[in-house]
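Number of protein chains: 2
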Amino acid sequence: MTAASGQRAMNLPVAEFQPTAENQPATGIVTAFSATETAAMDAALEAALRGPRGANPLVGAVVVDANGRQLVTGFHRGAGTAHAEADAIAQAAAAGIDLRGSTMVVTLEPCNHCGRTGPCAQAIISAGITDVIYAVDDPHDPAAGGAATLRGAGIRVRSGLAAGEALELNRHWFQAVAAKRPFVTLHIAQTLDSRIAAEDGTSQWISCPESLADNHGLRGRIDAILVGTQTVLVDNPRLTARDASGTPAGHQPLRAVMGLRDIPADAAVRGEDGRVLHLPTRDPREALSQLYTAGIRHLMVEGGSRILSAFLTAGLVDELIVYLAPTLLGSGTPALNGLGISTLAEAQQWEWDQADGGSVRSLGRDLRLHLRPQHTESLEPQPLRAGAEPAMGGY
Amino acid sequence: MTAASGQRAMNLPVAEFQPTAENQPATGIVTAFSATETAAMDAALEAALRGPRGANPLVGAVVVDANGRQLVTGFHRGAGTAHAEADAIAQAAAAGIDLRGSTMVVTLEPCNHCGRTGPCAQAIISAGITDVIYAVDDPHDPAAGGAATLRGAGIRVRSGLAAGEALELNRHWFQAVAAKRPFVTLHIAQTLDSRIAAEDGTSQWISCPESLADNHGLRGRIDAILVGTQTVLVDNPRLTARDASGTPAGHQPLRAVMGLRDIPADAAVRGEDGRVLHLPTRDPREALSQLYTAGIRHLMVEGGSRILSAFLTAGLVDELIVYLAPTLLGSGTPALNGLGISTLAEAQQWEWDQADGGSVRSLGRDLRLHLRPQHTESLEPQPLRAGAEPAMGGY
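The listed protein sequences correspond, in order, to chains Y and X. Just add 1351 to wherever you are in the first sequence, counting from 1, and you've got my numbering. Just add 1351 to wherever you are in the second sequence, counting from 1, and you've got my numbering.
Treat each hint with caution, since some may be false.
Okay, the calculated beta carbon distance ranges per label pair [unchecked claim]: (1) Y:R1636 with X:D1617: 38 to 44 Å; (2) Y:E1702 with X:R1507: 57 to 63 Å; (3) X:Q1421 with Y:T1389: 42 to 48 Å; (4) Y:N1688 with X:G1552: 16 to 22 Å; (5) X:G1622 with Y:E1637: 43 to 49 Å; (6) Y:A1383 with X:R1420: 57 to 63 Å; (7) Y:V1627 with X:S1693: 52 to 58 Å; (8) Y:A1499 with X:G1568: 58 to 64 Å; (9) X:A1600 with Y:A1530: 50 to 56 Å; (10) X:G1419 with Y:H1602: 52 to 58 Å; (11) Y:S1596 with X:R1507: 45 to 51 Å; (12) X:D1594 with Y:S1713: 29 to 35 Å; (13) Y:D1449 with X:N1418: 38 to 44 Å.
Rather than coming from a laboratory, the hints here were simulated on the basis of the structure. Here a beta-carbon is modelled for each residue, glycine too, at the ideal position from N, C-alpha and C.
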């Protein structure tokens, strides 16, 4: 199963489809998108999955010529890098492909103002592209208006193609933007039996060097990393992003410590750059609100058990990364210490996330598992496995 | 990395190489095996991994002609099915390939007496094969003597090629045979946070229907399945092998219940066929001894926590299968309840098992993880991850 087909297999909120003046013919039947345009959008959705989740949404872009041939495919590689449209246009330029008269098919409305990278609307106009099809509107105020700019330049703009899939692709990113809170990645480094420390508190290192390096790579891409005061007092982590030789990465996350106890004056987390923030609360919602105010758009929650459990219980985790070591401890600190769940029917349901290299990867001897909360809104109520598998009931 | 190269990457007990009169030339330098014979043995080792672990060892066989061309490849699909040599010969017969004058390269000494299937030595003789190369001797008394039978029929027999790899391939099977105990497969159906039941005891079903079906398929291949008396009293399982429609499989495992408490007269595990065995002990070693005496050569340990932990603590698990559901409970019954480990350096180390479809598979929404105890005998002592990854120390 490809990543894209995995997305398609789900029940999607088709009610999200927004017909526009252009794609709504007089008959009232929506027939505005050709088979090649639909195929291009499929390819754009699939390309989008190659990027990482975080402060920015996953976006893919495919440019097709007048004959429907796909000329170039771009995707967004995360905050601070080129948007999907700019990526596609840059690839075309590098390959000497003339995009004049072509159609840009993209999973999100092109931006007007791109912050660290140039505005995509202007890049599309400059490339001589004459048609733009996008799936869903950009929900941000600062970036909104890309479609209007394009239309103002005489480009034919249509939207709503595969809108359900595009919303589903970035479901939690849209939710975080709407709630004005950071996108939250939760990270657990555990044994097969889900222990994050042995009985005597030793935990360095449950994960293999490759997993640690992967985690440090993630630290170099996020805005902030969060632990509890308990973790600071017990493990005294630095929480900086470093490469295998210990050299600090160019980008360092803000170091956030959550909890009512003070951070010791000599705690390693204080570092030397002053980029540490104490959040004197036990409420994840309050912590996220303070971080958002501080400009944080992508947060990684690192631990320990209490903090992980608090964010999960509150339903405030958008992405879950588990580094699973092929080891057993049998006792010690469990990764989670309670989610307010008393019976199996209430278990938190997650789904495998195909984005950013796939849902399951080998990292050295570990497995890296990548999940996101299961989409439930448009699913039928499910009697748990008992109903799905009656014949084997009563094992 | 291929399965075979994964095996090769380990430190192997090269001292196991047994030079014979044939492969030990006068110079004292071992040069008896050609490059094509070595390549055939590599292919046989890789083919062997396609079979399942259990009462019989993994075995692969490749037949090469006088020019070194690989004519046919066979492997053993588990107890009750054709041995690798017979599989290869049957494939050749079906394809109309004449094996007269060819060389059979096989990872284990061909058997003289094969129980449920015919003796391989005779099949090799009948096929007109004139050379046999095998890696290691069959450790069984009843089957031993295959090499002698072949030599008696005028076939040139050599052994010791890739002996280290062949022993490593079936390391735990050789240990179980030597200890006169069943080969032990341990099965855990758990959430991401390694819970096997919620707080209220509900556990049906943590795994998805595809995982349940896989487990029932395994039940249909083993000699016995074992649970603790606690599981019988709480869950009242039937422990029979059934297909998705509830129809019993043709082969049913013996149902073993371990523990000092009696099995209730109306317990489902009693069934109607009388194939239930009460093992009134808490000692896994004693349970295995009783099962071996009862003719059991492949046991699956099903649960619960106490039983799983007892077998793991005793080091009596040869194969570990984990059905990992993408769900979180946060509390409830942990899969394991103590392995006598107090610090991380003592953690049980496992390695991914490539046999039988690979180490990680998707089963419906679950992951099926397949592991075996890490090989430690010939490895250098390892300072745990702290030493391996000094630069990131003190995270």
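Q | Cβ distance range 50 to 56 Å for A1600 of chain X and A1530 of chain Y, holds or violated | A | holds (51 Å)
Q.
Taking the Cβ atom of S1596 of chain Y and the Cβ atom of R1507 of chain X, is their distance within the range 45 to 51 Å?
A. violated (56 Å)
Q: For the range 16 to 22 Å, tell me whether the beta carbons of N1688 of chain Y and G1552 of chain X fit it or not.
A: For G1552 of chain X against N1688 of chain Y, whose Cβ atoms are near 19 Å apart, the range 16 to 22 Å holds.
Q: Return holds or violated for the Cβ distance of Q1421 of chain X and T1389 of chain Y against the range 42 to 48 Å.
A: holds (47 Å)
Q | Consistency of beta-carbon spacing, D1617 of chain X to R1636 of chain Y, with hint 38 to 44 Å | A | Violated, since R1636 of chain Y and D1617 of chain X (Cβ atoms, about 51 Å apart) do not stay within the stated range.
Q.
Verify the CB-CB distance for D1449 of chain Y and N1418 of chain X against the hinted window 38 to 44 Å.
A. At 55 Å between Cβs, range violated.
(Q) For the hint 52 to 58 Å, verify it against the beta carbon of G1419 of chain X and that of H1602 of chain Y. (A) holds (56 Å)
Q: Note whether the CB distance of G1622 of chain X and E1637 of chain Y lies within 43 to 49 Å or breaks it.
A: violated (57 Å)
Q) Taking 57 to 63 Å as the hint, is the beta-carbon distance of A1383 of chain Y and R1420 of chain X inside that range? A) holds (60 Å)
Q | Supplied distance hint 58 to 64 Å, evaluated on CB atoms of A1499 of chain Y and G1568 of chain X | A | Check passed, 59 Å falls within 58 to 64 Å.
Q) Should the hint that V1627 of chain Y and S1693 of chain X are 52 to 58 Å apart at their CB atoms be regarded as holding? A) violated (33 Å)
Q. So does E1702 of chain Y sit 57 to 63 Å from R1507 of chain X, Cβ to Cβ?
A. holds (58 Å)
The structure is inconsistent with the numbered hints 1, 5, 7, 11, 13, although it conforms to all the rest.
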